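Using the hints, put the two chains back together into the complex; each one sits in its own frame.
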Amino acid sequence: MSARVTLATAGRVLRQLRRDRRTLALVLLVPPMLLTLLKYVFYGQEETFNRVGPPLVGIFPFVTMFLVSSIAMLRERTAGTLERLMSLPLAKLDLLVGYGLAFALLAAVQGTLAATVGFGLLGLDAAGPIWLVIVLAVANAVLGMALGLFLSAFARTEFQAVQFMPAFVLPQFLLAGLLVPRDQMARVLEVVSALLPMTYAYDALARATADDLGGRLAFDAIVIAGFTVLALVLGATTLRRRTP
Amino acid sequence: MSADEPAIRIRDLCVRRGGSLVLPEISLEIRRAAVTGLLGPSGSGKSTLIRAIVGVQIVQSGEVDVLGSPAGSRELRRRVGYMTQAPSVYVDLSVRENLHYFARVVGAPDERVEEAIGTVALGGQTDQVVGTLSGGERARVSLATALLGRPELLVLDEPTVGLDPVLRRDLWNTFHELAAAGTTLLVSSHVMDEADRCDDLILLRDGDIVATGSPDELRDRTDADDLEDAFLVLAEAS
Chain Y
0 MSARVTLATA
10 GRVLRQLRRD
20 RRTLALVLLV
30 PPMLLTLLKY
40 VFYGQEETFN
50 RVGPPLVGIF
60 PFVTMFLVSS
70 IAMLRERTAG
80 TLERLMSLPL
90 AKLDLLVGYG
100 LAFALLAAVQ
110 GTLAATVGFG
120 LLGLDAAGPI
130 WLVIVLAVAN
140 AVLGMALGLF
150 LSAFARTEFQ
160 AVQFMPAFVL
170 PQFLLAGLLV
180 PRDQMARVLE
190 VVSALLPMTY
200 AYDALARATA
210 DDLGGRLAFD
220 AIVIAGFTVL
230 ALVLGATTLR
240 RRTP
Chain E
0 MSADEPAIRI
10 RDLCVRRGGS
20 LVLPEISLEI
30 RRAAVTGLLG
40 PSGSGKSTLI
50 RAIVGVQIVQ
60 SGEVDVLGSP
70 AGSRELRRRV
80 GYMTQAPSVY
90 VDLSVRENLH
100 YFARVVGAPD
110 ERVEEAIGTV
120 ALGGQTDQVV
130 GTLSGGERAR
140 VSLATALLGR
150 PELLVLDEPT
160 VGLDPVLRRD
170 LWNTFHELAA
180 AGTTLLVSSH
190 VMDEADRCDD
200 LILLRDGDIV
210 ATGSPDELRD
220 RTDADDLEDA
230 FLVLAEAS
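Sequence lines, in order, name chains Y and E.
Residue 57 in numbering that gives the first Met the number 0 is what sits at position 58 of the first sequence, and the numbering runs on without skipping anything.
Residue 211 in numbering that gives the first Met the number 0 is what sits at position 212 of the second sequence, and the numbering runs on without skipping anything.
With the rest of the complex left out, here is chain E (with noise of 0.2 angstroms):
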């Protein structure tokens, strides 16, 4: 498989939850090694885009090809890490517990318990149990246990939402140190101002894609100042 291969590679995928198409057919790409963002409001179908692509969601029909297999493959289990939206810890264990739980499952060396702590900045609270934390101290464990297998590809669902800002200028910088060293991520968001940290977007809107990009491009496409307007440009003009 060569570098320029995308990571994701999605054909007229179709999901339908409760009834209701939520992803009509859908047709991307998501290349390696960079920070894509997949930004949209609450309900455009964020999450059910990523569940498809780490294969948890019955999929209607289309094709879903993620690091050269199709999505939700055996071997992919290893290679692809995954941060639900809710953060998914066990409540009654502490940080360092459910790390180190999760760690024996995914095969990752003690190490990175300590490791993955450090970058979620949860040094103060590792013996405290999770149920104790506040919502973005928990959504930080979650994000920890993601980290801890190394993978290939990332896939966030809003891993910043209710983060101190500080927090989440270095949980950027450190997107950004992992996709310099080779990991594909993709991040989603609802808030538009995280957008420009992305090196591309894909924007999202009623389960279609309104516009895919670098901040740059959706900028100069639009004649807008910022990306928000850039959206709303995208959003009216489809």
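Bound-form chain Y, shown alone (with noise of 0.2 angstroms):
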């Protein structure tokens, strides 16, 4: 691995990001829309507006990277770039590290974006520091992308892999213990929903903006960076260098 390599790698997927005003500007600013849609969707319920603002501040990167890398990296497959990378001194850690940088870089512009709005306009409220929700979004942003790369390598198609996206990322969604506690689902979702890395991030940005700054957020953040490592090393597995 080489840092030369990784970090042009990371320049040169952000170059392309800023090339691509309108899907900059949607990354950026969707969040904060989604955000203030809630306020009046909840409105006169400011506490479960409460609930469920904070932590959503962190899961959108995770959606948003997922997506975003998944097409990314299809695209470099079908457009014979993968290809050409795969027949230079590039090791696969350069080109999955190069695209971790630059969506981390991406996300805590976004994170940030969003709790500023989501804390400083829309009088949403965290018992616990809002510099930990952005950090946790940023995790989440890597998590998400990671996701993203390895998946990606099973859709042949754009259609395909935007598909990916209600098929794996919805059901981790619903299951996360956002909309219904985890403890009151049927017995065999909570078990289901133990084996889910957004299960973890929704924890983890939970026990952050509710205070809880104990051992079972560290756990969280251990698991998350589990599912990332996973999932970057399964990624890499699907980056060959020989193909039929």
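FYI, nobody ran anything at the bench for these hints, they're computed from the structure.
Note that the structure is a prediction, hence the values are computed from the model and not measured.
Please note that a few of the clues may not be correct.
Stated by the list, open to error - To give an idea of the chain E side of the interface with chain Y (calculated C-beta under 8 angstroms), a few residues:
1. 55
2. 56
3. 57
4. 88
5. 91
6. 96
7. 104
8. 128
As the list claims (entries may be wrong) - To be clear about the criterion: a stretch of chain Y counts as covered by chain E if any three or more of its residues have a C-beta under 8 angstroms from a C-beta of chain E, and this derived list gives those stretches:
9. 11-21
10. 77-84
Built from N, CA and C at the ideal position, the CB exists for glycine as well.
This is the structure in structure tokens:
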């Protein structure tokens, strides 16, 4: 692995994003817009808005980066740039970590903006530190990206890759505990949810915003890191130097 | 490794793609510091052979040695430049941004970027986004990318398709300058009029090597006036 190649890859991915102004605007503006929407959906139910809103600030980047990175990697495959890169002195980790750095930076901006609007303008309230919400947002973004990169290997077209969002992300969102506490779900779903990465992403965010900064939060953070590493390793196995 | 060792040595190469046998057992040698043309109609297996040489193709059996190492070896990634048939560059980046990125990847100094842009005559489009370029211009960006690392072996899959004749002549001159300086070039084409510009030729048809030799040798062997006729004679004889 080489720092030069990794940083060049991160820079290249950011440059590509910068050229796509509309995508950039959507990535940055949709979360604050959705939070605003949510505030008025739960009009007069401040308590519900305050329970759901803060964790969402940290969940949005997971979903966004999952989608963006899976499409980006699919494009590398279909455009032949991946084949070219695989024939060059570039380590698979250079590519994956380069993507990770670029999307982590984007997630930091996205999370900060959503947190500023949510906590500053919309009256969201968190007992815990807001910076920790942003840190978790970045970690979740990298997790979402790693999963997106891995799963994109199983899509042949962009249509298929887009469908992975409702197929792999939406169930995790439903089971994470945000909508219904996990211990109130059917037992089998509770067990299944314990195997899904977003469950830990949500739990960490819920604890951070409730100022419950104990061992459980640390455990969640370790599980998130573990899932990220696992997804990156699996992702690396889908980057083939030789293809049929 | 001595200079008269071939740059590429292939023995009994078999490649299957999508269930059909694309290369049914090919053996050949390609010499160093020369421009070898890989000629054949579309679908004859040129790209598959090239992919096997670059080491990105899964092969069924046989040996492919490149610059003294098995094709696809890690150390060859710095020594072999590869231009794919479809331009594999980032359409959402400018010409310069593309080349800068690939220069970093291969560890080439920044001034090589301008040099490569000059070689493919894209000086006027340096800051243009590749997606807005014509097909021929995109192919030139892709070619420039392959030149960046000054590789010992350049493998170019149809580098001159759709190019202006003047530029095409200039590129062929560049290829020969590179070969004179010691670079080995393997250039594929489906246009027979390019065959005469090569030092050596490999004629490929339906995955089989129909003939190898210099353009003059092939003409002499077939009593043909031009290489198109020579190809016909050789293809019918095989």
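Structure-based check of all given hints:
no.: 1; hint: 55; result: holds (5 angstroms)
no.: 2; hint: 56; result: holds (6 angstroms)
no.: 3; hint: 57; result: holds (5 angstroms)
no.: 4; hint: 88; result: holds (7 angstroms)
no.: 5; hint: 91; result: holds (5 angstroms)
no.: 6; hint: 96; result: holds (6 angstroms)
no.: 7; hint: 104; result: holds (5 angstroms)
no.: 8; hint: 128; result: holds (7 angstroms)
no.: 9; hint: 11-21; result: holds (count 5)
no.: 10; hint: 77-84; result: holds (count 6)
Violated hints: none; the structure is consistent with every hint.
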